[in-house]
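In the order they appear, the protein sequences are chains A and B. The first sequence begins at 400 in the working numbering and counts up one residue at a time. The second sequence begins at 51 in the working numbering and counts up one residue at a time.
Keep in mind the hints are simulated off the structure, nothing from the lab. These numbers come from a predicted model, not from an experiment. Backbone N, C-alpha and C define an ideal beta-carbon position, used for all residues, glycine too. Take every hint as true, because none was put in to throw you off.
Result set (EDC-like, lysine to aspartate or glutamate): computed pairs, CA atoms no more than 20 angstroms apart in a straight line:
1. B:Lys160 / B:Glu233
2. B:Lys201 / B:Glu233
3. B:Lys201 / B:Asp165
4. A:Lys545 / A:Asp484
5. A:Lys545 / B:Asp126
6. A:Lys643 / B:Glu146
7. A:Lys643 / B:Glu177
8. B:Lys232 / B:Asp169
9. A:Lys545 / B:Glu209
10. B:Lys160 / B:Glu177
11. A:Lys643 / B:Asp178
12. A:Lys643 / A:Asp633
13. B:Lys232 / B:Glu203
14. B:Lys232 / B:Glu85
15. B:Lys68 / B:Asp111
16. A:Lys643 / B:Glu183
17. B:Lys232 / B:Asp83
18. B:Lys201 / B:Glu85
19. B:Lys201 / B:Glu225
20. B:Lys201 / A:Glu552
21. B:Lys201 / B:Asp126
Rough simulated footprint, nothing fancy, chain A against chain B, three-plus residues with beta-carbon under 8 angstroms:
22. 117-128
23. 139-145
24. 149-159
25. 171-182
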Amino acid sequence: MTRLKEMLPALALLAALIATWWGAVVATHSVIFPTPWAVITGTFELLEDGTLSRHIGASLLRVGAGFGLAVCVAVPLGLWMGWVDRVYRTLNPIFQILRPISPIAWIPIAILWFGVGDASPIYLIFISSVFPMVVQTTVGVHTIEKRYLRAAENFGVSRRTLFRQVVIPAVLPQIIVGMRIGLGVAWLVVVAAEMIALHSGLGYMIMDSRNAGNRYDLVIAGMIIIGLIGLSLDTTMRILEGTKWARWRYAH
Amino acid sequence: MPTKIEVRALKKSFASDKGPLPVVEDVSLTVGDGEFVAIVGPSGCGKSTLMNMMAGFIRPDAGSITIDGALRTRPDSRGILISQQGSVFPWLTVRENLMFGLNGHALPDKRAIADHYADIVGLRGFEDSYAHELSGGMLKRTELARALVVKPEILYMDEPFSALDALMSLRMRNELLRILAKERHTTLLITHDVEEAIHLADRIVVLSPRPTRIQSVFDVPMQHPRRLSSREAQELRLTILSELGVAREELG
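Chain A with its partners taken away, still in its complex shape (with noise of 0.2 angstroms):
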């Protein structure tokens, strides 16, 4: 009840933008602009041939396949640039330039090295998501408290130990930071990937219904579904912080 009390004041202003749209909408008699109802109907439309899900279906394997060949390159870099200062300052200032460097400025060279199909969007996603993972993972081990290092080395346990039960843990929630942020930036990214000479995909499907007669409804219906998968995936990552393995870094 509480929870529904809290909720009001969006919900609200979310009730008040549908409503000004509708009304913009049809005092204005746009004939290419449309209705909330329209976008509604669009949607089913999608739904019943079955295409939302095809295009949904292409859009989370492209980013599952870049954000999760990232997280494998991500996590162990991070790690060993964290541990080991000579790593940090040799690849450090290379990926301090790679970083700030628009995935979307990537397209042509992705389209001349891996050409128009799923590996070019993959890359893209690949690209746009490791570095934020690597930079997590290594301010992870950063700032890891000196106490618990020296604890470790007092107890003279071995490097295998010292990694598995002291750094990785230490480390995990920064992690999942990391992984909450790239995957953000992943989804980002797929739907502009997928804008170019793809035929699957959210991205391609918006492109598609404005090429294809101005389906605007369609176009609209696209971009809030993109919101919503957007919304859940961030929800699940949210999820992985609430783990035992990330608790421990937000209780006291």
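With chain A's structure known, arrange chain B on it following the hints.
Relative to chain A, chain B alone:
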């Protein structure tokens, strides 16, 4: 009593903006096997630096530390340091913390040993708790138990109970005495609490202000359990306090 620790002509300076800052100046000290030595001194005098050198965490500029006749150059599990801020791993349970330092045992044995020591320090029922679920006193008990588990020959305690309230600190002292009566570790305790030193130690070393040297040494020829209100204890307390520069008039 055979000699356990021999500290000879120990010196240490730290770099500062104004050149080297001498912290420990020519400290020599012998600690017998199973002896409990308390080190008291004004704050910032270099007590912790001295202990860190004795535990092997800091290399001295000059002088040597030998344990059982062998030169100590780095920390190992034969001497465990318990520090003021504590280093119980927050990402491990109490049991996992206690098992951390155990090498070369099968897993069921590790669990049994860990649980045995949890019981000894009064943590039965909290084996599966995480640090953030424990009180300050329980954290200290966990830290103490984790040290005891590896059967260290020496316990280095750097103001271990100073973060606790007076009552809990007193209880932990009694707890420590009870355990030491059974396990007979050689113990070094740094404290600013003269009463605590009198309560626990066989011998009290008073350090001078920085750069620190040994100013005086007092034997505590009292049987356990000690009564701190006894005339003997009070007289010793006043003597040590005046050594530390607290005038008798100030004590009332």
